[in-house]
Amino acid sequence: MLYFSRWKVTTILLTIFVALVVLIPNYLSSDQIKNYWPSWLPGRQVVLGLDLQGGVYLLYQVDVNDYKQKRLKALEGDIRQAMREDPRIGYTGLGIQGDVVQLKIRDADKVDEAAKRLGNLLNPLSTGALGGAAVTEFQFDQGSDGLMRLGFSETGLDKRLGTVVQQSIEVIRRRVDQMGAVEPSIQRQGSDRILVEAPGEKDPARLKNIIGRTAQMTFHLVDLNVSADEAAKGNLPPGEILLKQKEGGMPMVVDETPLMTGEDLTDAQTSFQSQTNEPVVSFRLSTSGARKFAQVTTDNVGRLFAIVLDDEIISAPRINEPITQGSGQISGHFTVETANDLAVLLRAGALPAKLSVAEERTVGPGLGADSIAAGERAALIGTVAVVIFMLASYGLFGIFANLALVVNLILIMAIITVLQATLTLPGIAGIVLTMGMAVDSNVLIYERIREEQRLGRSPVSAIDAGFRRAFGTILDANITTLIAAIVLFQMGSGPVKGFAVTHVIGIVTTMFTAITFTRLVVATWVRYRRPSVVPL
Numbered sequence: 050m051l052y053f054s055r056w057k058v059t060t061i062l063l064t065i066f067v068a069l070v071v072l073i074p075n076y077l078s079s080d081q082i083k084n085y086w087p088s089w090l091p092g093r094q095v096v097l098g099l100d101l102q103g104g105v106y107l108l109y110q111v112d113v114n115d116y117k118q119k120r121l122k123a124l125e126g127d128i129r130q131a132m133r134e135d136p137r138i139g140y141t142g143l144g145i146q147g148d149v150v151q152l153k154i155r156d157a158d159k160v161d162e163a164a165k166r167l168g169n170l171l172n173p174l175s176t177g178a179l180g181g182a183a184v185t186e187f188q189f190d191q192g193s194d195g196l197m198r199l200g201f202s203e204t205g206l207d208k209r210l211g212t213v214v215q216q217s218i219e220v221i222r223r224r225v226d227q228m229g230a231v232e233p234s235i236q237r238q239g240s241d242r243i244l245v246e247a248p249g250e251k252d253p254a255r256l257k258n259i260i261g262r263t264a265q266m267t268f269h270l271v272d273l274n275v276s277a278d279e280a281a282k283g284n285l286p287p288g289e290i291l292l293k294q295k296e297g298g299m300p301m302v303v304d305e306t307p308l309m310t311g312e313d314l315t316d317a318q319t320s321f322q323s324q325t326n327e328p329v330v331s332f333r334l335s336t337s338g339a340r341k342f343a344q345v346t347t348d349n350v351g352r353l354f355a356i357v358l359d360d361e362i363i364s365a366p367r368i369n370e371p372i373t374q375g376s377g378q379i380s381g382h383f384t385v386e387t388a389n390d391l392a393v394l395l396r397a398g399a400l401p402a403k404l405s406v407a408e409e410r411t412v413g414p415g416l417g418a419d420s421i422a423a424g425e426r427a428a429l430i431g432t433v434a435v436v437i438f439m440l441a442s443y444g445l446f447g448i449f450a451n452l453a454l455v456v457n458l459i460l461i462m463a464i465i466t467v468l469q470a471t472l473t474l475p476g477i478a479g480i481v482l483t484m485g486m487a488v489d490s491n492v493l494i495y496e497r498i499r500e501e502q503r504l505g506r507s508p509v510s511a512i513d514a515g516f517r518r519a520f521g522t523i524l525d526a527n528i529t530t531l532i533a534a535i536v537l538f539q540m541g542s543g544p545v546k547g548f549a550v551t552h553v554i555g556i557v558t559t560m561f562t563a564i565t566f567t568r569l570v571v572a573t574w575v576r577y578r579r580p581s582v583v584p585l
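The numbering used here numbers the first residue of the sequence shown as 50 and each following residue consecutively.
Since the hints were made in silico from the structure, they are not lab data. Please note: incorrect hints may appear among the correct ones.
[What the hints assert, rightly or not] Here are the simulated DSS-like cross-link-like pairs (lysine-lysine), alpha carbons at most 25 Å apart as the crow flies: (1) 119 - 546; (2) 165 - 153; (3) 251 - 83; (4) 295 - 403; (5) 165 - 117; (6) 403 - 293; (7) 295 - 257; (8) 122 - 293; (9) 257 - 403; (10) 293 - 119; (11) 165 - 122; (12) 119 - 165.
[Claimed, not checked] So the derived label-pair ranges between C-beta atoms look like this: (13) 517 - 455: 23 to 31 Å; (14) 409 - 541: 20 to 28 Å; (15) 409 - 455: 38 to 46 Å.
Treat the numbers as computed from the prediction; the structure is a model and nothing was measured. We put the beta carbon where it would ideally sit given N, CA and C, even for glycine.
Let's have the full structure, built from the sequences with the hints guiding it.
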C-alpha cells in the first residue's frame with residue numbers, strides 16, 4: 050500500500066497542478082484574463098449564484114384560464130370545421146359556455162353522426178399501454194335533447210398543463226440565453242409555476258418584459274372599409290376584429306383568422322433601414338412560409354398587411370408588390386434595444402400560455418458581497434479550527450492531514466470552475482462541511498495506525514495496515530453519504546441543490562486526497578526518514 054509507481058506519482062501531482070492552473074483565473078479580473086492570460090489555458094471563473102453576486106429572482110405562474118380559453122377557442126373552430134364536412138347535420142348555439150364548448154343538433158336523426166364526428170376531436174394524449182386507460186384531452190357529454198358538450202377531462206388537462214409548463218421553460222430558457230444572462234437557473238416548481246434566477250442581471254424590468262410576453266406573432270389583412278369608430282361600437286362584420294396599434298396609434302379592423310403565424314419564421318435579426326437608418330427587425334421565413342407569404346402578397350397587392358404581436362399591431366405596411374424572397378422587415382419606430390428585444394422574442398418562439406409574476410425579488414450586489422464575506426469567514430473559522438485540532442491530536446501526521454485538506458479545497462473549487470456549477474451560499478456551507486469530513490477520513494486512518502502500533506507492528510507495517518484496513522470503512526462511509534447527497538440533488542431545488550452539488554464534489558475529492566494524496570505524502574516521509582516509531 051505504501052509503494053507508488055512513477056506513473057501514479059506523476060498522475061497525482063499532475064492532477065493537483067492542473068487544478069491550480071484552472072483555479073488561477075478566479076483571482077484575475079475579466080480584463081486581465083482577456084489581455085494577459087494565455088488563450089490556450091483554461092480561463093473560466095466560478096459562477097456565483099444569485100445570493101452571492103446579486104441579480105433577479107422571478108417566480109412565474111402559468112395562467113391556466115388563459116390556456117383553457119385558447120384551447121376551447123381552437124376546439125370551437127375544430128367543431129365548426131367538422132360540422133361543415135357534412136352539410137346535412139344542422140346545429141345551433143355553437144359557442145363557449147364556461148369550461149365547455151356546446152352546440153345543439155337540430156335533427157334527432159343526425160345526433161349519432163354528429164356524436165361520431167365530435168368523438169374524433171377528443172385528442173388522445175396517451176394510448177393506454179400496458180392495460181391502462183387511454184387519456185384524452187377532452188371528454189364528450191351528450192344530452193337527450195341533442196345538446197352536446199365537449200370540455201377538458203381532469204387527467205387530460207393535468208397532462209396538457211405539464212406539457213405547457215415544460216414548453217414555457219424551454220421558451221424562457223431560449224429568451225434568457227439570447228439576452229446574454231450568465232448561467233440562469235430556470236426550473237419548474239409545483240404543477241404550474243416556473244422559477245427564474247438570473248445572477249448578475251441589472252435590469253429586472255427588461256428581463257420581465259422579455260420573459261413575460263407571450264410573443265405570438267400573426268399576420269392579418271386590414272379592412273379599411275370599416276371605420277374604427279363603428280367597430281368600437283360593436284358594428285363589426287362577421288370574422289373581423291378590432292385591434293389597437295402600438296404606441297397609441299389608430300385602431301384597425303383586421304381579419305380574425307390570421308393568414309400566417311410566427312411558426313413560419315426561421316430567423317429574426319436587428320438591422321437598419323438604408324434610407325432613414327432607423328432600427329428595424331428583419332425576418333426570414335421557412336420554405337413553406339415563404340410560399341404562403343408570396344401567395345398572400347400576390348393576391349392582395351395594394352392592401353394593408355397588419356403584423357400583430359400579442360393582439361397589438363406593431364406595423365401595418367402596404368403591399369406594393371408581391372414579396373417572393375421569403376423575407377421582410379418589421380418597422381415601428383423602434384430603438385436599437387426594443388428592436389433587439391423583439392428579435393429575441395421572435396427567435397425564441399411564443400409562450401403557449403400567459404405567465405403572471407407570483408413573486409419577485411431583486412438582490413443587490415452589496416448583499417451578495419456580504420454573503421460572500423460571511424461565507425469566507427465561516428470557511429476560515431472552520432478551517433482554522435480543524436487545522437488546530439489535527440495539529441494538537443496528531444502532530445506531524447496532523448500537518449500531513451492539513452496539507453491534504455488544502456489540496457482537497459483546491460480540487461473542489463477547480464471542479465466547480467470546470468463544470469461551471471453555480472456556487473451559492475448553501476454551496477459554501479457544503480464546502481465547509483466537506484472539510485470536516487475530509488479530515489474525518491484521516492482520523493480513521495491515523496487511529497487505525499495507532500491501534501496497529503499498539504499491537505506490536507513495526508512502523509512501516511502499522512502504517513501500511515492502517516491505510517489498508519481503514520480503506521473499507523472510509524469507502525462505505527463516503528458511499529452512503531454520496532447516496533444521500535445525490536438524492537438531495539435529484540429531489541431538492543434551489544438552495545438544497547446548491548448544497549448537494551458542492552457536497553457531492555467534496556465527497557469525490559475527499560476520497561482522492563485521503564486514499565491517494567495523504568498516502569503518497571506519508572509514503573514519501575517513510576522512505577526518507579525510516580522512522581523507528583510512528584509519531585502519533
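A quick look at each hint next to the structure:
no.	hint	result
1	119 - 546	violated (36 Å)
2	165 - 153	holds (14 Å)
3	251 - 83	holds (23 Å)
4	295 - 403	holds (19 Å)
5	165 - 117	holds (24 Å)
6	403 - 293	holds (19 Å)
7	295 - 257	holds (19 Å)
8	122 - 293	holds (21 Å)
9	257 - 403	holds (13 Å)
10	293 - 119	holds (20 Å)
11	165 - 122	holds (21 Å)
12	119 - 165	holds (24 Å)
13	517 - 455: 23 to 31 Å	holds (25 Å)
14	409 - 541: 20 to 28 Å	holds (23 Å)
15	409 - 455: 38 to 46 Å	holds (41 Å)
Violated hint: 1 only; the structure is consistent with all others.
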